[in-house]
Structures are given as C-alpha cells and as structure tokens.
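Can you build the whole structure from these sequences, using the hints too?
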Amino acid sequence: MKYRKVILFGILFLITAAAVPWIGSESISVTAVIRFLQGDGNPYGSIFWFQRIPRVLLALFAGGALSMVGACFQVVFRNPLVEPYTLGVSGGSALGAFLAISIPSLWITWGPFSSVQALAVLGAAASLGLIYALSRRREGLSVTTLLLAGITISIICSGAILLLTYLAHPNALVIFQRWMMGGLDIIGYRELLGFSPLLLFGLGLLLFHANDMNHLALGDEMAQGHGVPVRRVQKHVFLGGGLATAGVVSLVGPIGFVGLIVPHAVRRLVGFDQRCVLPSSFFLGGILLALCDTAARTLLAPTELPVGIITALIGGPLFIRLLLRGQEEKR
Amino acid sequence: MILELQAVRHRFQNSDWELSLDRLVLESGELLGIIGPNGAGKSTLLRIAAGLLSPTQGIVRLEGHDLSRLNRKTAARSLGYLPQDLSWEYDLTVEALAGMGRYPYLNLLGTMGATDQSAVDRSLRLAGMESLKTRRLSQLSGGEKKRAFLASVLAQAPRALLLDEPTGALDLHHQVQIFSLLKNLARSGSAVAVVTHDINLASLYSDKLLFLRCGQSLAWGEPRQVLTKEILHTAFGGVVLMDRHPEIDRPTLLPRFLGSKNE
Numbered sequence: 001m002k003y004r005k006v007i008l009f010g011i012l013f014l015i016t017a018a019a020v021p022w023i024g025s026e027s028i029s030v031t032a033v034i035r036f037l038q039g040d041g042n043p044y045g046s047i048f049w050f051q052r053i054p055r056v057l058l059a060l061f062a063g064g065a066l067s068m069v070g071a072c073f074q075v076v077f078r079n080p081l082v083e084p085y086t087l088g089v090s091g092g093s094a095l096g097a098f099l100a101i102s103i104p105s106l107w108i109t110w111g112p113f114s115s116v117q118a119l120a121v122l123g124a125a126a127s128l129g130l131i132y133a134l135s136r137r138r139e140g141l142s143v144t145t146l147l148l149a150g151i152t153i154s155i156i157c158s159g160a161i162l163l164l165t166y167l168a169h170p171n172a173l174v175i176f177q178r179w180m181m182g183g184l185d186i187i188g189y190r191e192l193l194g195f196s197p198l199l200l201f202g203l204g205l206l207l208f209h210a211n212d213m214n215h216l217a218l219g220d221e222m223a224q225g226h227g228v229p230v231r232r233v234q235k236h237v238f239l240g241g242g243l244a245t246a247g248v249v250s251l252v253g254p255i256g257f258v259g260l261i262v263p264h265a266v267r268r269l270v271g272f273d274q275r276c277v278l279p280s281s282f283f284l285g286g287i288l289l290a291l292c293d294t295a296a297r298t299l300l301a302p303t304e305l306p307v308g309i310i311t312a313l314i315g316g317p318l319f320i321r322l323l324l325r326g327q328e329e330k331r
Numbered sequence: 001m002i003l004e005l006q007a008v009r010h011r012f013q014n015s016d017w018e019l020s021l022d023r024l025v026l027e028s029g030e031l032l033g034i035i036g037p038n039g040a041g042k043s044t045l046l047r048i049a050a051g052l053l054s055p056t057q058g059i060v061r062l063e064g065h066d067l068s069r070l071n072r073k074t075a076a077r078s079l080g081y082l083p084q085d086l087s088w089e090y091d092l093t094v095e096a097l098a099g100m101g102r103y104p105y106l107n108l109l110g111t112m113g114a115t116d117q118s119a120v121d122r123s124l125r126l127a128g129m130e131s132l133k134t135r136r137l138s139q140l141s142g143g144e145k146k147r148a149f150l151a152s153v154l155a156q157a158p159r160a161l162l163l164d165e166p167t168g169a170l171d172l173h174h175q176v177q178i179f180s181l182l183k184n185l186a187r188s189g190s191a192v193a194v195v196t197h198d199i200n201l202a203s204l205y206s207d208k209l210l211f212l213r214c215g216q217s218l219a220w221g222e223p224r225q226v227l228t229k230e231i232l233h234t235a236f237g238g239v240v241l242m243d244r245h246p247e248i249d250r251p252t253l254l255p256r257f258l259g260s261k262n263e
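Protein sequence lines correspond, in order, to chains A and B.
First residue of the first sequence: 1, per the numbering used here; consecutive thereafter.
First residue of the second sequence: 1, per the numbering used here; consecutive thereafter.
Keep in mind that a hint or two might mislead.
Claimed, not checked - Not close to chain B: a few residues of chain A, all C-beta gaps over 12 Å, as computed:
hint, residue
1, Ile53
2, Ser105
3, Ile151
4, Ala265
5, Pro302
Claimed, not checked - Short derived list, chain B residues pointing at chain A, Cβ under 8 Å:
hint, residue
6, Leu52
7, Leu70
8, Gly80
9, Tyr81
10, Leu86
11, Trp88
12, Tyr90
13, Met100
14, Tyr103
15, Leu108
16, Leu109
17, Val153
18, Gln156
19, Arg159
20, Gly221
Unchecked claim - In silico DMTMM-like pairs for lysine to aspartate or glutamate, Cα to Cα no more than 25 Å straight-line:
hint, chain 1, residue 1, chain 2, residue 2
21, A, Lys5, B, Glu165
22, B, Lys133, A, Glu221
23, B, Lys229, B, Glu247
24, A, Lys2, B, Glu89
25, A, Lys2, B, Asp91
26, B, Lys145, B, Glu165
27, A, Lys2, A, Asp273
28, A, Lys235, B, Asp85
29, B, Lys183, B, Glu4
30, B, Lys145, A, Asp273
31, B, Lys145, A, Glu221
32, B, Lys73, A, Glu221
Please keep in mind that the hints were generated in silico from the structure rather than gathered at the bench.
Each residue gets a CB set at the ideal place from its N, CA and C atoms; glycine is no exception.
Below is the structure:
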C-alpha cells in the first residue's frame with residue numbers, strides 16, 4: 001500500500017498539532033485550559049487558546065503550503081533548486097510590505113488586518129502576473145523565461161527596496177527588517193481565516209494535478225501523447241502555487257528553505273510519485289515549521305527569535321548534506 | 001480512414017521554411033513510412049498529425065473529428081504518439097511506465113482497474129517486454145528503452161500510432177525487431193505512421209511511403225512507385241544507387257563510391 005507512509009505522516013502532523021501548543025515560556029496546565037473553556041477567563045487559558053493555537057495552526061499550514069508548492073515547482077519547472085520564492089513572489093510582496101511600512105499614508109489598519117498584508121499580497125500578485133505574461137508562449141509556458149523573469153523581478157524589487165531604505169525613516173527600517181526575517185507572531189484567528197481562501201484554492205489546484213505532474217517527468221511531448229493537458233497543468237500549478245505562496249508570505253514574511261528542502265527529503269522517503277509526495281510534503285513541512293517556531297519561541301525565552309533565522313540555520317547545513325549525499329550516489 | 005490531414009500549411013515564426021501538404025490519409029491496417037532528408041519537415045508533420053502542434057492552416061481529422069477541438073484525453077484513446085527524444089526524471093519500472101499509458105482511461109487519482117491491468121499486460125507482450133517488466137529504465141539497453149516507451153503508448157490502445165524515429169541510434173538487430181513489431185501491429189488492424197531517416201527499412205516494411213523534401217511532398221504511394229530513379233536523383237543528386245532487395249521485391253538504396261577504385 002503506497003499511501004501507508006502518507007497516513008503515518010498525517011498522524012505525526014496531528015500529534016504535532018496537539019503537542020506543540022503545550023510547549024512555551026509559560027507552562028500551562030490542562031485544568032487551566034479546560035476551565036477557560038468553561039468560561040472562567042484565566043490568563044493561561046487565554047494564552048493557550050488565543051495565542052498558541054492560532055500560531056501553531058499558522059506554522060503547520062504555512063510550512064505545509066510552502067513545502068507542497070516547492071514539491072510542485074521543482075517537478076513542473078524541471079529544476080531541483082526552485083522553491084516557492086524563486087518566482088519573485090517574495091520580492092514583490094516584500095516591496096508591497098515595505099511600501100506600507102515606510103509611507104505613513106499607506107499604513108492603514110482594520111482591526112487585526114493591516115495594509116502591510118494587503119499590499120504584500122498585491123505585490124506578490126503583481127509580480128506573478130508580470131512573470132506569467134512574460135513567459136507565456138503559444139506552446140505553453142517557457143520554463144527558462146519563467147525562472148529568469150522571476151529572478152529579474154526579485155532583483156528589481158530589491159533595488160526598489162534599497163531606494164526606499166535610503167529614504168525611509170529609521171523606525172520603519174526596524175519594522176521592515178523584522179518583517180523580512182519571517183515570523184509567526186501576532187497572529188489571531190481572523191488573520192488565519194483571511195489567508196485560508198488563497199491557501200485552500202491554491203493547494204487544491206495543486207492536488208488536483210498530482211497525477212498529471214507524474215507524467216511531466218517523461219517530457220512534455222510524451223506526456224501530451226499520453227493525453228495529459230500539459231499547458232493547462234503548467235498554468236494551474238503556476239497559478240495555484242503562486243497564490244498559496246502569496247498568502248503565506250503576506251502573513252509570515254519570507255521563511256526560507258522549508259519549501260526547498262522538505263520536498264527533497266520527502267522524495268527520499270516516499271519516492272517520486274507526486275500523489276504521495278504532495279500530501280507528505282504538506283505534513284512534514286508543517287511539522288518542521290511548527291517545531292522550528294517552537295524553538296524560536298523557547299530558545300531565548302522570554303525573548304523570541306524570528307523563525308526565518310532558525311529555518312535558514314538548520315535548513316542550510318541539511319541541504320548541503322543532501323547535495324553531498326546525492327553526489328555520492330551518482331558516482 | 002483513421003487519420004486525415006487536409007490542406008495543411010505550417011510556418012514557424014521568423015522563418016521562410018514552410019510545410020505544405022494537400023492531403024495525407026492514414027488507413028487502418030497500413031504502415032506508412034515518412035522519409036526524406038534532414039529538415040524536410042518529417043517530424044513537424046508527425047507532430048501536427050499528433051495534435052502537438054497546431055498548423056498555421058488546414059485541418060487534422062481523427063476518425064472524422066477535428067483534432068484541434070478534441071480534448072487531449074479523448075484524443076489519446078485513439079491516437080498514440082512516440083516522440084524521438086525519450087527522457088525520464090526518475091527511475092520507473094517498465095511495468096509502471098506502461099501503466100502510465102492508461103492515463104486517458106483513469107480517474108483523477110490514476111487508480112488502475114482490472115481492464116487497465118490486462119491492457120498493460122497485453123501492451124508489454126506486444127512490445128516483447130513481458131520478461132523485463134520488473135526492470136528499471138536505467139537497467140535497459142537503448143532498444144529495450146524504446147520498446148518500454150512503445151509499450152506505454154500501446155497501453156493507450158490507440159487505433160492510430162505515430163512514431164518519430166523509433167530506430168534512431170539503435171543497432172541493426174533492434175532496428176529490424178522494431179520494424180517487424182510495427183508491421184505486426186499494422187497487420188492486426190492499427191494504422192501506423194513512422195518517421196525514419198532509414199529509407200531501406202522503410203522501403204522493406206512500409207505499405208505506403210511519403211517522401212518529403214523541403215516541406216513538400218515529393219512522392220506518395222507504394223514503395224516501388226516512390227523510390228524511382230528520377231525521384232532519388234531529384235532528392236539526393238547522383239550519390240545513391242538503387243537495387244532490389246534479395247528477399248522481396250522492394251527497392252533498396254546503396255551509397256555510391258566516389259573515390260578512386262584502384263586503392
């Protein structure tokens with residue numbers, strides 16, 4: 001049964017979801033949590049239900065989404081080094097976020113939402129649209145143009161960000177730098193609900209094409225010969241992956257490496273069948289980010305580290321190890 | 001009449017080269033060899049016939065339906081295509097590869113039923129890959145790889161089969177094996193079109209030949225009508241000689257010796 005490992009990872013995902021909220025700088029008792037539900041309003045229960053649970057959910061879903069998008073992009077764009085942020089999505093959303101942070105008239109807040117997220121999503125959508133328009137061909141999407149356009153747009157965005165940095169007020173710089181490090185704090189249920197439509201639509205579109213993506217490994221022409229609508233698959237994966245990434249990046253900022261490494265590790269564990277790789281990447285990516293975030297919350301307690309630092313510091317060496325192991329196997 | 005091309009013209013962007021063919025018909029039970037020098041448009045023609053390339057003008061009909069309006073999945077149930085360059089990004093077994101040919105019959109998840117499994121078994125048997133079905137692609141020779149991919153196309157149970165250079169880069173033994181396999185497929189009722197640069201094999205095994213040159217049809221018909229002295233002279237100048245195959249009455253070409261005979 002080839003889905004056995006997927007089910008196992010799903011169970012681990014649920015266990016992580018249930019266990020991680022109990023870990024943190026404040027130790028919380030089960031009775032406090034239950035009594036809060038009965039309506040006594042104790043502060044520990046409130047921390048558990050309104051801070052830790054939404055934060056862990058966000059980590060699980062953001063990490064899962066980034067990994068699943070990475071797993072799809074690496075196959076469809078035929079490049080093992082692609083990650084969700086390669087397509088310039090993070091550049092566009094960083095520029096959007098920085099515009100909101102540095103220009104006072106653009107910083108508006110509505111309850112838990114702020115124009116930082118809205119402009120980050122807009123920036124991501126704009127760069128996605130631009131890349132899509134540039135790499136569209138009669139025969140489908142040009143993968144090379146797609147990657148080059150993504151990198152170019154990232155460079156243009158960082159140029160614009162440098163310009164804004166030069167002009168901006170020092171206070172804005174601190175906030176922006178913090179945003180760029182990626183983090184999962186200041187999250188409530190309403191923000192979670194706000195990003196779920198983008199995420200559900202994007203990931204659903206990717207899962208819908210899981211079996212189609214297997215055929216792309218035989219080359220576009222062979223896949224088309226077998227009856228796979230290759231162009232449509234490319235477009236949908238680009239669109240679905242881009243939207244899910246935009247949703248994640250607008251809430252948590254650029255969190256590197258999760259979307260690059262998890263798919264590689266998953267393929268070593270379950271093989272190359274995307275029908276297993278996609279759900280497994282989602283589960284393991286979610287677990288990884290939730291654990292990294294727990295480390296970020298507790299390592300320097302009561303201070304918090306941005307989770308992006310942890311994923312980069314753990315992910316970098318792991319990836320180098322994967323690369324070395326891969327080379328040994330080729331020899 | 002399974003496949004029909006009508007008044008097809010194709011021009012690539014920024015190029016003067018044009019493919020132009022008034023009519024081409026592929027009947028069931030027939031093996032059609034498409035031959036001609038490099039750059040004659042053989043592969044382009046085959047890709048148009050397979051619906052991978054939409055021609056600038058003209059229409060391709062698959063069993064009477066306009067191919068460009070057919071959904072790819074529906075078309076793949078009657079039309080199989082084997083590209084010239086085969087690649088794979090992960091090491092499948094032969095049987096798993098053949099199973100991928102069932103795509104047009106499967107649901108979203110791609111779960112195979114009993115009919116699918118028996119179609120896969122049948123295609124492995126036809127391609128002569130039954131004994132190798134548990135091998136991985138990286139463990140196969142060039143000829144076996146071609147046949148493994150051919151098995152995946154046969155698993156689609158297509159009525160028309162289009163193959164682009166199925167014998168390219170193979171040794172003589174495998175070349176003969178693949179052509180006799182295609183001949184058997186045609187005998188059992190399929191329509192088969194093969195693009196090949198090997199005129200001798202095409203002449204020996206095909207029922208009909210299409211000789212393309214510079215995007216135009218130079219000749220179309222039975223091998224003996226197509227491979228005549230005049231046509232060969234037009235196509236190759238004076239560098240080939242024509243002979244008759246010792247076993248059956250089909251023309252065979254030999255390269256001319258242009259050096260000094262005294263050496």
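(message) Would the hint linking B/Lys145 and B/Glu165 be met if the CA-CA limit is 25 Å?
(response) Satisfied, since the Cα-Cα distance of roughly 13 Å is no more than 25 Å.
(message) Next pair to validate is B/Lys229 with B/Glu247; report whether the Cα-Cα distance is within 25 Å.
(response) The given pair, whose Cα atoms are some 21 Å apart, holds under the 25 Å limit.
(request) Would you mind confirming whether the straight-line C-alpha gap from A/Lys2 to B/Glu89 stays at or under 25 Å? (result) holds (20 Å)
(message) Under 8 Å is the threshold here; is the Cβ of B/Tyr103 close enough to any Cβ of chain A for the hint to stand?
(response) holds (5 Å)
(message) Would the non-interface assignment of A/Ala265 survive a Cβ cutoff of 12 Å against chain B?
(response) holds (16 Å)
(message) Just to be careful: measuring from the Cβ of B/Leu52 to every Cβ in chain A, is the smallest value less than 8 Å?
(response) Status holds, d = 6 Å.
(message) Check whether the Cα positions of B/Lys145 and A/Glu221 lie no farther apart than 25 Å.
(response) It holds: about 16 Å lies between the C-alpha atoms, which stays within 25 Å.
(message) Run the distance test for A/Lys5 versus B/Glu165: straight-line Cα separation, threshold 25 Å.
(response) violated (41 Å)
(message) Let's test the interface hint: is any C-beta of chain A closer than 8 Å to that of B/Leu70?
(response) violated (10 Å)
(message) Tell me if the straight-line CA distance from B/Lys145 to A/Asp273 falls inside 25 Å.
(response) holds (20 Å)
(request) Verify the interface restraint on B/Gly221: the C-beta must sit less than 8 Å from at least one C-beta of chain A. (result) violated (28 Å)
(request) Quickly compare the C-alpha distance for B/Lys133 and A/Glu221 to 25 Å and report which way the hint goes. (result) holds (23 Å)
This entry does not satisfy hints 7, 19, 20, 21, going by the numbered hints stated previously.
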